[in-house]
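Based on the provided sequences and hints, a complete structural model is requested.
Number of protein chains: 4
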Amino acid sequence: MTSLSEERVQEIKDSFTSQGLMQTYEATLTHIALGHVEIAMPHRPAITQQHGFFHGGVMGALADVACGYAALSTVAPGHAGLTAEYKINLLSPADGDTLIAVGHVIKAGKTLIVAQAEVWIEKQGARKQCAVMLMTLCVVKHLGNL
Amino acid sequence: MTSLSEERVQEIKDSFTSQGLMQTYEATLTHIALGHVEIAMPHRPAITQQHGFFHGGVMGALADVACGYAALSTVAPGHAGLTAEYKINLLSPADGDTLIAVGHVIKAGKTLIVAQAEVWIEKQGARKQCAVMLMTLCVVKHLGNL
Amino acid sequence: MTSLSEERVQEIKDSFTSQGLMQTYEATLTHIALGHVEIAMPHRPAITQQHGFFHGGVMGALADVACGYAALSTVAPGHAGLTAEYKINLLSPADGDTLIAVGHVIKAGKTLIVAQAEVWIEKQGARKQCAVMLMTLCVVKHLGNL
Amino acid sequence: MTSLSEERVQEIKDSFTSQGLMQTYEATLTHIALGHVEIAMPHRPAITQQHGFFHGGVMGALADVACGYAALSTVAPGHAGLTAEYKINLLSPADGDTLIAVGHVIKAGKTLIVAQAEVWIEKQGARKQCAVMLMTLCVVKHLGNL
Chain A
22 MTSLSEERVQ EIKDSFTSQG LMQTYEATLT HIALGHVEIA MPHRPAITQQ
72 HGFFHGGVMG ALADVACGYA ALSTVAPGHA GLTAEYKINL LSPADGDTLI
122 AVGHVIKAGK TLIVAQAEVW IEKQGARKQC AVMLMTLCVV KHLGNL
Chain B
22 MTSLSEERVQ EIKDSFTSQG LMQTYEATLT HIALGHVEIA MPHRPAITQQ
72 HGFFHGGVMG ALADVACGYA ALSTVAPGHA GLTAEYKINL LSPADGDTLI
122 AVGHVIKAGK TLIVAQAEVW IEKQGARKQC AVMLMTLCVV KHLGNL
Chain C
22 MTSLSEERVQ EIKDSFTSQG LMQTYEATLT HIALGHVEIA MPHRPAITQQ
72 HGFFHGGVMG ALADVACGYA ALSTVAPGHA GLTAEYKINL LSPADGDTLI
122 AVGHVIKAGK TLIVAQAEVW IEKQGARKQC AVMLMTLCVV KHLGNL
Chain D
22 MTSLSEERVQ EIKDSFTSQG LMQTYEATLT HIALGHVEIA MPHRPAITQQ
72 HGFFHGGVMG ALADVACGYA ALSTVAPGHA GLTAEYKINL LSPADGDTLI
122 AVGHVIKAGK TLIVAQAEVW IEKQGARKQC AVMLMTLCVV KHLGNL
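Sequence lines, in order, name chains A, B, C and D. For the first sequence, the numbering used here begins at 22 and goes up steadily by one. For the second sequence, the numbering used here begins at 22 and goes up steadily by one. For the third sequence, the numbering used here begins at 22 and goes up steadily by one. For the fourth sequence, the numbering used here begins at 22 and goes up steadily by one.
What the hints contain is simulated information worked out from the structure, not anything from laboratory work. Computed from a predicted model, the values in this text were never measured in an experiment. Just to be clear, a hint being listed does not mean it is correct.
[To be verified] As a list, the in silico DSBU-like pairs of lysine-lysine whose alpha-carbon atoms are at most 35 Å apart: (1) B:Lys149 <-> C:Lys131; (2) B:Lys128 <-> B:Lys162; (3) B:Lys34 <-> C:Lys149; (4) A:Lys149 <-> D:Lys128; (5) D:Lys162 <-> A:Lys128.
[To be verified] A short list of chain D residues far from chain B (calculated; beta carbon distances all over 12 Å): (6) Ser24; (7) Ala61; (8) Thr132; (9) Thr157.
Glycine included, each C-beta is placed from N, C-alpha and C at the ideal position.
Okay, here's the thing in structure tokens:
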């Protein structure tokens, strides 16, 4: 890995913005570095499970996107990373105001990338881990702004 | 397992309806049987990734809910199933009109339930599998309409 | 996929025989077909956990090998499949005489293969499922008899 | 969590010794602390895959045991931890002299424990990570020296 280019940062921001789901979630990309991405989203009724907490599927989607862009930050120009699979353990109910996913690359191989994400819930200023994800991505030739 | 009670069917329907995320997704519970649940949702820009297909996080959430209610259909009255973890393999891009998740219970234990889901994408009448999920749930005493 | 060549069958048998661990386990390759492999091994004290049953790690290894060779049976001549990751759910203690792993390919892509395995335990003629595995493999150019 | 009792340390050592598979692997328990266990094993032909490296199934089994005893170190007296499921990502071939698994508890709940393990390979004094595992265990009433 070398440093993260301005072009790649812009590419990640543009790709993030073009995801309808991230707009629906009102999610924002709060940090990008080489192999490291953070995303945050506010609590709203539209993203809840039956108890009014953040839905587990939302925790999964946010961690998914954080791992995906952390991986994308490490690939060569003109390449992209496709999610092959992930596993998530839900550690605590996401009862709070803001959900935060922090994704980082564990191994950036030529063909496969392994990334991990921690999901945190913030409630009145206190932060608690509520999930951990392990993801495998496949490096592919760039097709559009994947 | 014995047969599925009317009360439990109603409980699953009510719980599903109370999930803000399922409303946001415009998802519907299309089939419930003992240890078996099917859910469908239409394509809309609000749930897309950067190519306009169903977002991987949406596929994960739909499979998550299908496994969860398949598990809930098998527990004793007054008990619920909490998702402990899941793993999903994305097999194909979800390029189509309707996303369908079919969840079924593999093993219904006293403390743990293992469920599997297949996710299918329908496009102009043709159906293709786009993901497979394996989930572990923990049986808990009922708290409200979990 | 086309049919399984004699060369590929022999290659799988030779590769299996060259695994020291499969010899240590006294495991045998009981069936090979296109995208489908079965392996069996007898109970012995050398492969037990602390209760005298088959060790969970042995169940994992047998399922791993069944998925791996099921995948290998589907790739082009001169290519191989490397295990990227797997997830296994242990459903029941493997209390019995013979452990059997049945691996089959769910999707054979150009770069990635997804395979599933069921692990069964036989005790006095009765067979019970004791684990299920979901695996991702990466197709690579052949290096020796991988 | 409070500190780790002498009784529990002895119980973990006795349980480890009673596993036939760990003897077959010539594995040793090199460190035990509250929520943290390390295991090491030497390279021998009996535990190889077809290239002569440590078999992936051996990496899985060692990580499995490291997570299991890390979890056991955190449960109340008279309780045990049963492996429900795990996922492992293989990062590099385990080409070396000694395989080391380091397991630690991420969350010790009343019913479920989540643990993670890193697997390292040592070759001529250099250490490289070759796998990462995420495991879910279920806390159960003690049955013998589980």
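**Report entry** Which numbered hints fail
**Finding:** 5, 8 and 9
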